[in-house]
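*Asks:* Residue-level listing of the chains:
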Amino acid sequence: MTWINFPTYALLTILGWTIGILMNAIGKSNLVKQLGIALVIAGQLVLTLFLLKLWIILDRPPMRTLGETRLWYSFFLPIIGLITYQRWKYHWFLVYSLLLACLFLGFNLAYPENYSKTLMPALQSPWFVPHVIVYIFSYALLAASSLVAIKGLVFHYFKGVKSGHKTIALADNLVFIGFAFLTLGLLFGALWAKEAWGHYWTWDPKETWAFLTWIVYLVYIHIRYQHDQKELWALWLLGLAFVVLLVCWFGVNYLPSAANSVHVYTRD
Amino acid sequence: MGSYYKNLSLWTLFYPMIQQKKYDKPIWSNPWGYRESFFIASGLLLSGFALEWASGGTGVPEFTNLSLNIAAGLLVIFIFTAGIFFRKQVFILWLSGIPAAISAVTGITFMALLMGLTMQHDGSAPGWVVQLGLSHVTSSWPYLLISVYLLVVLGIAAAKRIIPFSTKNIGYMLNHLGLWIVIFSATFGATKVERLEMKVKEGEIEWQAFDKKNNVWVEMPVAIRLNDFVLEQYAPKLGIVDNITGKILHENGKNVMLVDSVASGNMLGWDIRLLTYLEQSGKAGETYYLNNETGAAPAVKAEAISENKSDTVVGWVSCGSFNHSYEALKINDQLSLIMFYPEPKKFLSKIDILTPEGETTAVELEVNKPAKVKGWEIYQVGYDDQLGRWSDTSVIEFVRDPWLPFVYTGIFMMIAGAVTLFWFGRNNTPTDL
Ligand code: HEM
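Which chain is which? The protein sequence lines are A and P, in order.
Numbering (my numbering) for the first sequence: 1 to 268.
Numbering (my numbering) for the second sequence: 1 to 433.
It should be emphasised that the hints constitute simulated quantities derived from the structure, not laboratory data.
Below are the DSS-like pairs computed for lysine-lysine, each with C-alpha atoms no more than 30 Å apart in a straight line:
1) P:K213 to P:K350
2) P:K199 to P:K346
3) P:K212 to P:K192
4) P:K345 to P:K247
5) P:K345 to P:K369
6) P:K201 to P:K374
7) P:K88 to P:K168
8) A:K230 to P:K25
9) P:K369 to A:K53
10) P:K88 to A:K230
11) A:K53 to P:K345
12) P:K201 to P:K212
13) P:K372 to P:K213
14) A:K33 to A:K166
15) A:K159 to A:K230
16) A:K230 to A:K166
17) P:K212 to P:K199
18) P:K212 to P:K350
19) A:K166 to P:K168
20) A:K230 to P:K160
21) P:K199 to P:K345
22) A:K53 to P:K346
23) P:K212 to P:K346
24) P:K168 to A:K230
Part of the chain A face toward chain P, derived, beta carbon under 8 Å:
25) A122
26) A190
27) E195
28) Y200
29) H222
From the three backbone atoms N, C-alpha and C, an ideal C-beta is built for every residue, glycine too.
Just chain A, same shape as in the assembly (with noise of 0.2 Å):
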């Protein structure tokens, strides 16, 4: 089985979001901005109803392969950019959100992967959705914080402008809601593998990876909270932060020691 009309749902996604985004930059009136904001929503509602669908369709929920889990980060990124920028106005971020998010769906329309509908017992858990989601949306939060953090390092070496309290409290607020959601997804995980395979925590390479980044956000926070005033050594550790986050997503796939693990996606 084939996305089925996957790249209408998607053109329709990012038609929504690129109109309403530069109304929103562009427009004059109150009145427009806010009409590009309402695009951006109903962009984002026709990639929730292509979830759904896909959902039922497929009679499992949609989190197994690499290219649905990209589905799922396309669906929190703009969440996550529309949230922060009613809350902070920062309309940049609004932008690097919804691009990230387009970026995902595109992958997914250059790289079609095939649905599989079966699912291994172990997975059909009432723990899968929880854990996933929370998961997913922690990286789409921490990677968020990497970019902050990316721009605060190009604006300190590049424009000489002091990366400045505003962009390393938006780093914090993002890395503390990303990493109290990477907790729970951590914890969460333990808990359904007791249920599953008769233990918590097995080190297995998905584990140790998932352990990996959430010690260097853990360090993170204890660095913010001991050194206020070393802002450039926090945004470089951000963007460490974000690289191993990388190998946790997709790179433990590609190592050696996860031969083995019961957590590498489908290869069928």
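For chain A, the structure is supplied; the task is to place chain P with the ligand on it using the hints.
*Replies:* Coordinates of chain P with the ligand only, in the frame set by chain A:
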């Protein structure tokens, strides 16, 4: 040296970060900071590797119950005394501060990184890898030493904030004490975890299970009678195989199609159409017919049409079973259509748990749905793979972990802690937002 290095571009990149650090305090003079902390963490790791090497890579020996309990008790007493009565001591201040914490966490990260990059419990690992403990990180000396360091630092950091009690510290306590409880009970509990495997046949009663770790058979406090083993499967999948190399050309699942309601698909440019699907079949001459004897395998009559429509091949494909041979459909010199074994959708054992007192409890044991009896948890883990759905054997696992309630307590504290983190965020957020 500053002015010379300042001209190098890499240095200019990092200079602003290092510039802030003033090493005006000689190392090892109080109060200790990052240098001392990282010295100690690396010292612990190095000693650990030396110990491991000296012991020939056999890892930390199994402690007796008594010595383990004494060690755990001493650790707790030390942490509480230090954290509550000596917290103003300059040494304890260091031992419960951020620099020590970061050095300990970095040390653990280093060990975890080694674990994440090397295959664990790999029999073919080279000698030096084993001798350094890299093939069994979690039971190696450096891992043990750095874990104890982490437990001490985290423990005192948490204990310090118990008194005076303040509601402002609740989130902090939930996170730190929760994590401490998890690591403490997981570390000390690891040696007490028992996992035993039992194989039981339909209609039979079994009370012995095998302990793989110690290589012994153990008599369980309950017996298991297997009344029925049930395996449900998904429909099989079709794929393409290279005739010469025998490799399956799956391209990440792209050239795989589920024999479902779908009647056609495209694989490597060939249009594949399903003409007939028999869930269970027997073979007579060149064709297959519906049959539900033991070992009856699924079969599909398929048509493969080449891209330019010049070639059409029709024939049967079957994955076979333990007593039927498989059949591939050769579509040209290079490629053949094959069927994969159906994947399990659900498997369960209908069992009776029998106690010596004569009680019988009927349970349906399923993956993700363990049963509990007399301090043991019972898991469905497998069956006879050769026989697949005709398996009359179920493999179940008995697990006992006496420290589990503590681990769970810690986990639930951390879940609550994560919620506070989410709710309150960073409390000292700068005000110029
Ligand atoms: C679930 C994991 C953890 C979380 C969420 C966490 C969070 C925090 C936060 C938010 C603070 C700031 C305290 C405040 O604002 O009052 C802090 C401080 C601190 N944390 Fe952690 N931490 C975690 C794990 C650890 C670990 C593993 C260690 C040490 C090995 C550690 C050691 C410390 C220390 C020493 C402080 C400073 C305490 C003080 O100066 O009173 N934490 N932590």
